[in-house]
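Visitor: From first to last, the protein sequence lines are chains E and P.
Numbering-wise (this note's numbering), the first sequence opens with residue 1 and increments by one.
Numbering-wise (this note's numbering), the second sequence opens with residue 1 and increments by one.
Among these hints, one or two may not hold up.
Stated by the list, open to error - Away from chain E, derived, C-beta distances all over 10 Å, residues of chain P:
hint : residue
1    : Glu-38
2    : Glu-41
3    : Glu-77
4    : Val-92
5    : Leu-101
6    : Val-118
7    : Asp-127
8    : Glu-135
9    : Arg-138
10   : Glu-141
11   : Gly-153
12   : Asn-239
As the list claims (entries may be wrong) - With a Cα cut of at most 20 Å, we get these calculated EDC-like pairs of lysine to aspartate or glutamate:
hint : chain 1 : residue 1 : chain 2 : residue 2
13   : P       : Lys-83    : E       : Glu-266
14   : P       : Lys-213   : P       : Asp-10
15   : P       : Lys-16    : P       : Glu-36
16   : P       : Lys-167   : E       : Asp-364
17   : P       : Lys-145   : E       : Asp-364
18   : P       : Lys-167   : P       : Asp-10
Hint data in this document are derived by calculation from the structure and do not stem from the laboratory.
Idealized CB from N, CA, C, for every residue including glycine.
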Amino acid sequence: MSDVQTYAPGTHPDLPPPPNEVGVLAWLRQNLFSNWVNAGLTLASLALIIVIVPPLLSWFVFDAVFSGENRQACEGAGGACWAVVTARWNQFFYGLYPSDQTWRLNVVFVGLLLAVTPWLAPQAPFRRALVWFSLAYPFLAYWLLAGGLSLEPVHTGAWGGFTLTLVIGVTGIAASLPLGILLALGRQSSLPVVSMLCVAFIETVRGVPLIMFLFMASNMLNLFLPQGVQFDLLLRALIAVTLFSSAYMAEVVRGGLQAISSGQYEAAQAMGLTYWQSMRHIILPQALRTVIPGIVNNFIALFKDTSLVAIIGLFDLLNMAKAIVTDADWQGLSIEVYVFAGIVYWIVCFSMSRYSLWLEGSLDAENKDAA
Amino acid sequence: MGSETGAINDKAPAIKMVGVHKWFGQFHVLKDINLEVEPAERIVICGPSGSGKSTLIRCINRLETHQQGQIFVEGVELTEDVKRIHTIRREVGMVFQHFNLFPHLTALENCTLALTRVRKMPKAEADKIGMEYLEMVRIPEQAQKYPGQLSGGQQQRVAIARALAMKPHIMLFDEPTSALDPEMIAEVLDVMVDLAESGMTMLVVTHEMGFAKQVANRMVFMDGGEIIEQAPPSEFFENPKNERTKLFLSQILNH
Numbered sequence: 001m002s003d004v005q006t007y008a009p010g011t012h013p014d015l016p017p018p019p020n021e022v023g024v025l026a027w028l029r030q031n032l033f034s035n036w037v038n039a040g041l042t043l044a045s046l047a048l049i050i051v052i053v054p055p056l057l058s059w060f061v062f063d064a065v066f067s068g069e070n071r072q073a074c075e076g077a078g079g080a081c082w083a084v085v086t087a088r089w090n091q092f093f094y095g096l097y098p099s100d101q102t103w104r105l106n107v108v109f110v111g112l113l114l115a116v117t118p119w120l121a122p123q124a125p126f127r128r129a130l131v132w133f134s135l136a137y138p139f140l141a142y143w144l145l146a147g148g149l150s151l152e153p154v155h156t157g158a159w160g161g162f163t164l165t166l167v168i169g170v171t172g173i174a175a176s177l178p179l180g181i182l183l184a185l186g187r188q189s190s191l192p193v194v195s196m197l198c199v200a201f202i203e204t205v206r207g208v209p210l211i212m213f214l215f216m217a218s219n220m221l222n223l224f225l226p227q228g229v230q231f232d233l234l235l236r237a238l239i240a241v242t243l244f245s246s247a248y249m250a251e252v253v254r255g256g257l258q259a260i261s262s263g264q265y266e267a268a269q270a271m272g273l274t275y276w277q278s279m280r281h282i283i284l285p286q287a288l289r290t291v292i293p294g295i296v297n298n299f300i301a302l303f304k305d306t307s308l309v310a311i312i313g314l315f316d317l318l319n320m321a322k323a324i325v326t327d328a329d330w331q332g333l334s335i336e337v338y339v340f341a342g343i344v345y346w347i348v349c350f351s352m353s354r355y356s357l358w359l360e361g362s363l364d365a366e367n368k369d370a371a
Numbered sequence: 001m002g003s004e005t006g007a008i009n010d011k012a013p014a015i016k017m018v019g020v021h022k023w024f025g026q027f028h029v030l031k032d033i034n035l036e037v038e039p040a041e042r043i044v045i046c047g048p049s050g051s052g053k054s055t056l057i058r059c060i061n062r063l064e065t066h067q068q069g070q071i072f073v074e075g076v077e078l079t080e081d082v083k084r085i086h087t088i089r090r091e092v093g094m095v096f097q098h099f100n101l102f103p104h105l106t107a108l109e110n111c112t113l114a115l116t117r118v119r120k121m122p123k124a125e126a127d128k129i130g131m132e133y134l135e136m137v138r139i140p141e142q143a144q145k146y147p148g149q150l151s152g153g154q155q156q157r158v159a160i161a162r163a164l165a166m167k168p169h170i171m172l173f174d175e176p177t178s179a180l181d182p183e184m185i186a187e188v189l190d191v192m193v194d195l196a197e198s199g200m201t202m203l204v205v206t207h208e209m210g211f212a213k214q215v216a217n218r219m220v221f222m223d224g225g226e227i228i229e230q231a232p233p234s235e236f237f238e239n240p241k242n243e244r245t246k247l248f249l250s251q252i253l254n255h
C-alpha cells in the first residue's frame with residue numbers, strides 16, 4: 001500500500017492504463033491466446049493456413065503459365081494454365097462482338113462507371129451533370145451496343161461474355177428497384193383493385209422458378225404473338241429477369257415500409273404533403289434505408305441469376321466460359337476457365353456487398369441514434 | 001355558413017363542428033360534437049383517456065374522418081374532396097404527442113420541407129423562414145442537427161417550429177408534453193405561451209392545468225365521446241357544474 005499515491009479529492013490526474021493492457025502483446029493475448037482452448041484453435045488455424053496456402057499460391061501464381069497460343073504452352077507446368085484466359089480475354093469480356101468494334105463496349109463500361117457515380121456517391125462533384133448523364137446513359141449505351149445512326153449495327157445475338165452479363169445485371173437492377181417500390185406501394189394501396197393486382201403479381205412470380213420464366217419467354221411468347229412478329233430474345237430475357245426480381249424487391253421494400261411508424265405518415269399529411277410527396281421525401285428515404293442489406297442481397301442474387309440465361313441460348317459470361325472449355329485448342333482446362341469466371345462474378349458481387357456496408361455506415365454516421 | 005367554393009374565409013369562425021359523430025368499428029368515439037372556435041381563441045380540451053379528445057382534434061385536419069355531421073375550417077367544409085383537404089391542412093398546423101419529426105432530415109430541413117414542396121418556395125427563402133421559427137422556439141443553434149441528436153423537449157420545439165413555418169391560422173396540439181421528461185415540459189409550455197400571446201388560434205389537448213389556467217379562453221371537458229362542459233377557466237376550475245367534471249378535476253388536482 002505504501003507505493004499507492006493518494007490525492008486530495010478533485011485533484012486526481014489522468015493516469016495511463018497498466019502496460020499489459022495495451023500494445024501488440026496485449027492484443028495477441030486478449031484475442032488469440034486468452035485461454036487454452038483459444039490458444040489451441042489459434043495454433044491449429046495457423047497450421048491449416050501453412051498447409052493450404054502455399055500450394056494454392058504456387059498453383060495460382062508461381063507455377064502458373066500466363067501466356068501461350070494453345071494448350072501446349074502449358075505442357076509440363078505444375079500450376080494453372082491462365083494462358084487460356086489471356087488468349088480468350090476478348091471472348092470472356094466481349095463475347096462474339098466484332099473485334100474491330102469492341103471500343104464501343106469499352107466506352108459503355110466507362111460510361112457506366114460515370115452513370116452510377118451520382119447514385120452511389122451523392123457527395124461526388126458535378127452531381128447535377130452526372131445525374132443528367134445517367135438519365136441519358138441507357139439510350140447512349142443502347143446506341144453504342146446495338147449500333148445504328150452511323151455506327152455499324154451489331155445484332156443482340158452477338159452480344160456476349162461479361163458484357164452481356166453486365167447488360168442483363170445492370171438493367172435488371174436499375175429497373176427492378178423502382179418497379180419493386182411501385183409494387184410494394186401498390187400492395188399497401190387503399191384501392192382494393194390495385195392492391196389485389198399487386199399481391200397477385202408478387203405471389204405468382206415468387207411461386208415460380210426463374211428458369212420457367214425464361215423458358216416461357218423464349219418459347220411460349222411466340223404462341224401469343226401474331227405470325228412474323230420478331231421479339232428479340234435478349235429483350236425477353238431482360239423482361240423476365242426484371243419482373244422476377246421486382247417481385248422479390250417489392251417484398252423487401254414492404255418490410256421497410258412496415259418499419260415506418262404511422263406518426264411519420266400523419267406528420268406528412270398534416271403538413272399538406274400529397275401522397276407522392278410524402279412517399280418521395282418522408283417515407284421511402286427512411287424505408288429504403290432500413291432495408292439496404294435486403295436490397296443489395298437481391299441485387300447480388302439477380303446478378304448471379306443472370307447466368308441462367310445460358311439455358312435459353314444467350315452467351316453470357318458463364319455460357320461463354322462453357323464454350324471456351326469445349327474449344328479444341330484448350331481442352332481439359334475447365335478448372336482454370338470456371339475459376340476465372342467465378343472470380344469475375346465474385347469481384348462484382350463482393351464490391352456490391354462492401355458498398356452496401358459502407359453506405360449503411362455512412363448513413364448511420366449521418367444521423368446516429370436517430371429515433 | 002360554409003362557402004361552396006372551397007376558399008378560405010378568415011372572417012368565418014376558425015372552426016365550426018356541427019353534430020359530428022364518429023365510430024371506430026362499433027365503438028362510438030365522438031357523439032354529437034358541437035363546437036365553435038373564434039379566430040385567436042385558445043381552447044384547452046381535457047378529459048380522461050379514451051374520452052375522444054385526440055380524435056376530435058384529429059378530425060379537424062382530417063387525420064380521422066367523421067361519419068356524420070359537418071366540420072368547417074375557416075368557412076370551408078371538410079369533405080372527401082382531396083383539394084379541400086389540402087387547402088385546410090395548409091392552414092392548420094399540428095403538434096403531436098410523439099413529435100413525429102422526420103429522423104432523416106435536420107431540424108432546419110424538417111421546418112423547410114413543406115415550404116419548398118407545398119408552398120413551392122425557393123430554398124433560400126424557406127431556410128430564412130425556418131431559421132426565424134427555430135429562433136422563436138429558442139433553438140437556432142440546433143438547426144443542423146438530426147432529431148436523434150436532440151432532447152425530447154428540443155424535438156418538440158422543432159416540431160412546433162415546423163408547424164409554424166407554414167404560417168397556419170390554427171394550431172392543434174395533441175398532448176404535446178405527455179411524452180416528455182418532467183424537466184423538459186416547461187421549455188415547451190413556455191413556447192406555447194409565447195404563441196398564445198401572439199394571437200394564434202389554438203386547440204390544445206393537455207393535462208397541464210397550470211398552462212390551461214394561464215392561457216385558455218375556454219376549457220372543454222370531454223368524457224365518453226361527449227363534450228360534457230365548456231366554460232372559461234376561472235369558472236371551470238372554481239365552480240364546475242357537472243359531476244363528472246368535478247370528479248375528473250379532483251382526480252388530477254389533488255396531488
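Visitor: Are the hints correct? Go through all of them and say.
Guide: How the hints compare with the structure:
Chain E leaves P/Glu-38 outside its interface by the beta-carbon criterion, the shortest separation being 23 Å against a cut-off of 10 Å. The beta carbon of P/Glu-41 sits about 21 Å from the closest Cβ of chain E, which is more than 10 Å, so the claim that it is off the interface holds. In this structure P/Glu-77 is separated from chain E by more than 10 Å, as the shortest Cβ-Cβ distance comes to about 18 Å. At roughly 8 Å, the least C-beta separation between P/Val-92 and chain E is not larger than 10 Å, which violates its mark as non-interface.
The non-interface label for P/Leu-101 is inconsistent with chain E: the shortest C-beta to C-beta separation is roughly 8 Å, within 10 Å. In this structure P/Val-118 is not separated from chain E by more than 10 Å, as the shortest Cβ-Cβ distance comes to only about 5 Å. Non-interface call for P/Asp-127 relative to chain E: holds, since the shortest CB-CB distance, roughly 16 Å, exceeds 10 Å. In this structure P/Glu-135 is separated from chain E by more than 10 Å, as the shortest Cβ-Cβ distance comes to about 20 Å.
With a minimum CB-CB distance of about 21 Å to chain E, P/Arg-138 clears the 10 Å threshold, and the non-interface call stands. At the 10 Å boundary, the C-beta of P/Glu-141 stays outside the reach of chain E, the nearest C-beta of that chain being 18 Å off. Once the 10 Å rule is applied to beta carbons, P/Gly-153 is consistent with being away from chain E; the minimum gap is 14 Å. P/Asn-239, annotated as away from the interface, keeps every beta carbon of chain E farther than 10 Å; the closest lies near 36 Å.
Between P/Lys-83 and E/Glu-266 the CA atoms are separated by roughly 17 Å; this keeps the pair inside 20 Å, and the hint holds. This hinted pair does not check out: P/Lys-213 and P/Asp-10 have alpha carbons roughly 27 Å apart, beyond 20 Å. With a CA separation close to 4 Å, the supplied pair P/Lys-16 and P/Glu-36 stays within the 20 Å bound. Proximity of P/Lys-167 to E/Asp-364 is assessed by CA-CA distance (about 33 Å); at most 20 Å being required, the pair is judged violated.
A C-alpha spacing of about 14 Å is found between P/Lys-145 and E/Asp-364, which places the hinted pair at or below 20 Å, so the restraint holds. Under the criterion of a C-alpha separation no larger than 20 Å, the hint pairing P/Lys-167 with P/Asp-10 is consistent with the structure, at around 14 Å.
Violation of the numbered hints given earlier is confined to hints 4, 5, 6, 14 and 16; the remaining hints are satisfied by the structure.
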